[in-house]
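Just so you know, the protein sequences line up as chains A and B, in that order. Residue 1 is where the first sequence starts when you use the UniProt record's numbering, and the numbers rise one by one after that. Residue 1 is where the second sequence starts when you use the UniProt record's numbering, and the numbers rise one by one after that.
Quick caveat, the hints were computed from the structure, so don't treat them as lab data. Here the structure is a predicted model, which is why all the values come from computation and not from measurement. Check the hints yourself; a few may be wrong.
Pairs involving identical chains hold if they fit within one copy or between any two copies, as the list cannot separate such chains.
[Claimed, not checked] Below are the DSS-like pairs computed for lysine-lysine, each with C-alpha atoms no more than 27 Å apart in a straight line:
1. Lys98 <-> Lys59
2. Lys98 <-> Lys119
3. Lys148 <-> Lys93
4. Lys59 <-> Lys148
5. Lys30 <-> Lys59
6. Lys110 <-> Lys30
7. Lys93 <-> Lys59
8. Lys51 <-> Lys148
9. Lys110 <-> Lys93
10. Lys93 <-> Lys136
11. Lys136 <-> Lys112
12. Lys19 <-> Lys157
13. Lys112 <-> Lys27
There are 2 protein chains.
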Amino acid sequence: MVIWLIGISGAGKTTLGNKIHNYYKEKNIKSFILDGDLIRNFYDNDLGFSKEDRIANIKRIMLSAYVLEQNGIIPIVCNISPFESLRDFARNKFNNYKEIYLKKDLDLAKEKDIKGVYKEHLEKTSLVGIDIIFEKPLHNNLIIEVDKENINTSYNKIIDYLEQN
Amino acid sequence: MVIWLIGISGAGKTTLGNKIHNYYKEKNIKSFILDGDLIRNFYDNDLGFSKEDRIANIKRIMLSAYVLEQNGIIPIVCNISPFESLRDFARNKFNNYKEIYLKKDLDLAKEKDIKGVYKEHLEKTSLVGIDIIFEKPLHNNLIIEVDKENINTSYNKIIDYLEQN
C-alpha cells in the first residue's frame, strides 16, 4: 500500500502524515514518511519550485514509494502533488494507491497563512495556488475537509478509512 | 548497507547482482535489486541515454537506494554509473556504501560484444565507452577483474568481501 496525502501548503499533510506513521508504529507495521523536505535535502536542493522541477521531484518520490511498497513497507507521501497526470501515473504504477485529498480553501489559506508561505514566497518562487494551479483531484479515495474539522477528527477519518480498505 | 555494482555494459552487473540477491535470500536477509531496466520501465522510458539523462536516472536510483537502506533492506544497484561526482554523492549520502567495480577492458568488450550493445546501438544512442567516458573509479571498495576470472570466482570474492566488511 502507498498512502499519498495531497493538498496545498498548510493543509496539514506533514502533521497528519506523522500521526499515521505513529499509528502504524504502534501496530508494529513498517511505514516510512516521504516528504518534500526529505527529498529536497537528499539532493542538496538541486531542484527549484517551477512546474518542471516539481514534476521531476514528484517522479523521484514515486520510485522510492514503489520500491518501499514492493518490500512491504508503507510509504506515507506528504506532497502537494498538484498535477492530475502524475496522480494517474501513481494510480497505475502502485499495487494499492490510496490518494487522500486534504481539501483546503485557497483563499482561506492565503488569508490565514500560518506558515507564511504565501506572503514570504510570493515573489521568490513559483507557488502552487498562485503561479501553478492545483489541479482538481478527480479520483481520490478520500476527501478530508480540513477547514471544517479539527486535526483529530481528520486523523480518525483517515484511520477508519485505512482500516476498512 | 548499499551495494552498488558499477562497470561498463557486459561487465556482469546484473548476473552478479542476482547472485548476491540470492545469497541474501538464503540467509533471510532482505535485499532488492535496483537495475537500469526496472527504473526505466517504471518511468515508461521517459529518459534517454544522453549524459544529462543518465545523471537524472542515477539520481532517481539513489533516493530509492537511500529509503531502502533507511528501512533495513539492502539495495543491490546494477548500473554503469560512469560519473565520479555521482559516486561521491552516493558515498556521502548512504550510511554504508559499498562500491564494487566490475572492471572490464573496453576494447575487449567491443570486440566480444556478446549482447550486441556496441554494434547495435552505436549510431542510435549515446553509449558509455563511446560517446560518454566511463570515468575511472577513484574510491571503490573492491575491484573485480572480470576479464581475468570466471563469474563464480568473482562472486566468491564479492561475498568474501561483504562478509568481512
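Unmet hints by their number, sorted upward, for this structure: Hint check: 2, 3, 4, 6, 8, 9, 13 fail, others pass.
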